[in-house]
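**Student:** Residue-level listing of the chains:
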Amino acid sequence: MDERVCNVTRPKRPPNTFLDAGADYFFVKLGVLFSGGKDSVFACRRAMETDSVVCLITIVSENPESYMFHTPNVRWAHLIAEAIGVPQLSWHTLGEEEAELSDLRDAIAAAKNRYGIEGIVTGAIESVYQASRVQRICRELDLWCFNPIWQIDQVEYLRLLVSEGFLVIITGVFAYPLDESWVGARIDEERIRKLEALQKKYRINPSGEGGELETFVLDGPIFKKRIEILKAKKTYENYRGRLIIEEARLVDK
Amino acid sequence: MILIVDLCYKPRSLSRYEFVDPIAGIVRRTGSMYEIVHFTELTGDLIEKAGGIILCGTALKDDFFAERINLFSWIEDLNKPILGICAGMQVVAAVFGGGIVPQPKIGLEKIEITRETDLLGPPRGIEGYHLHNYGVTLPPGFDLVAGRPGEVEAFKHSERPIYGIIFHPEVRNRWVVERFVIL
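Residue numbers (our numbering), protein chains in the order written: chain A, 1 to 253; chain B, 1 to 183.
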């Protein structure tokens, strides 16, 4: 190290076991914030490619207008966890704005204690609100924070999901001009082209980052089994619709 | 060709998707050619071929690059446009004799551009996304471009096109990277 570098102010830092372990070969033990929607499932896929995913953390909010957490069908996320073969930590919150954050912190702290996670993975794409809050919690708990689809081009991302073999269905629509045909539809090239057109005409976020869409993943390259929906209820009125899964099971692929 | 240097803790890490690919995406959409290389895998040929070099940011907990500042001594005599983003800015500061100092900041905050440059344009206020535990002190031979001496948001070498910004331009300030590729 040359003299100039030695002059750099080196603040006292917390011990970093990561660096001590030898950076080139170190795999971080990760917990994925997991709703069962496409973003958390795809983030999980990316994390499994580079590191070790040891648990999926699902926040179940009782507030349908939750600020932070995807709500519909989250109660079926356990089936995806089972299909992927990773333990799930399910944590309940009343879904009030600030309490929701402390609940998230508690859930992450519990995952750190129970599974020894060293980092958190999120499926955040654009939301500075969500990303900043998770970053602050991770900093407080001395955890790494990874956002592997952060700022991704949304149309390219949808095509990536399809090309990598994810079977994603739309379980919620919340924006004009998304009609009833979208509720329960599979995301495929035809739907992607329509979303691309709606992005140009109505400024809709094609991957639903603005709350326009909610999704659930039934199959994918990290699934050892696929999910079959046996019974579901569809509601739709005035550009707001939902597919609520009522019965589902795992089946062999 | 724009050379995009990955400063994350290891080559092809999970952080690369977050701190390198979004920058590469902006460069790609300008129509410019680019190559991505991890800082531990840089070669003289790549540096020679580059028309401009971007040093990307890292995760909040990732300060591996700061333990390897000697790998960046090539910056010192290079007369090509360089943009250091967050961790990249810390590298530039350290190479030129500035300091890396504790200064945690997370989220969107106002940034006051105080000096006109080719990269950031005329003085004005903007909003930028911050994600860092450490900031920098102004190295000798550099001008403060945004922020204030105790909280440097952007700096520029007084004679060469070497810039550092502590905020992440991929969030709401993609124009910074777009301007850099045409410097």
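Do not rely on the hints blindly, as some may be mistaken.
To be verified - For each label pair, taking beta carbons as the anchor points, the in silico distance ranges come out as:
#1 B:77 to A:110: 50 to 58 angstroms
#2 B:150 to A:49: 38 to 46 angstroms
#3 A:179 to B:115: 36 to 44 angstroms
It is worth saying that the hints were derived from the structure and are not from the lab.
We put the CB at the ideal spot given by N, CA and C, even for glycine.
**Student:** Run every hint past the structure and note whether it holds.
**Tutor:** Here's how the hints hold up against the structure:
1. B:77 to A:110: 50 to 58 angstroms: Between residue 77 of chain B and residue 110 of chain A, where Cβ atoms are some 52 angstroms apart, the hint holds.
2. B:150 to A:49: 38 to 46 angstroms: holds (41 angstroms)
3. A:179 to B:115: 36 to 44 angstroms: Between residue 179 of chain A and residue 115 of chain B, where Cβ atoms are some 52 angstroms apart, the hint is violated.
In this structure, only the earlier hint numbered 3 is contradicted, and the remaining ones agree with it.
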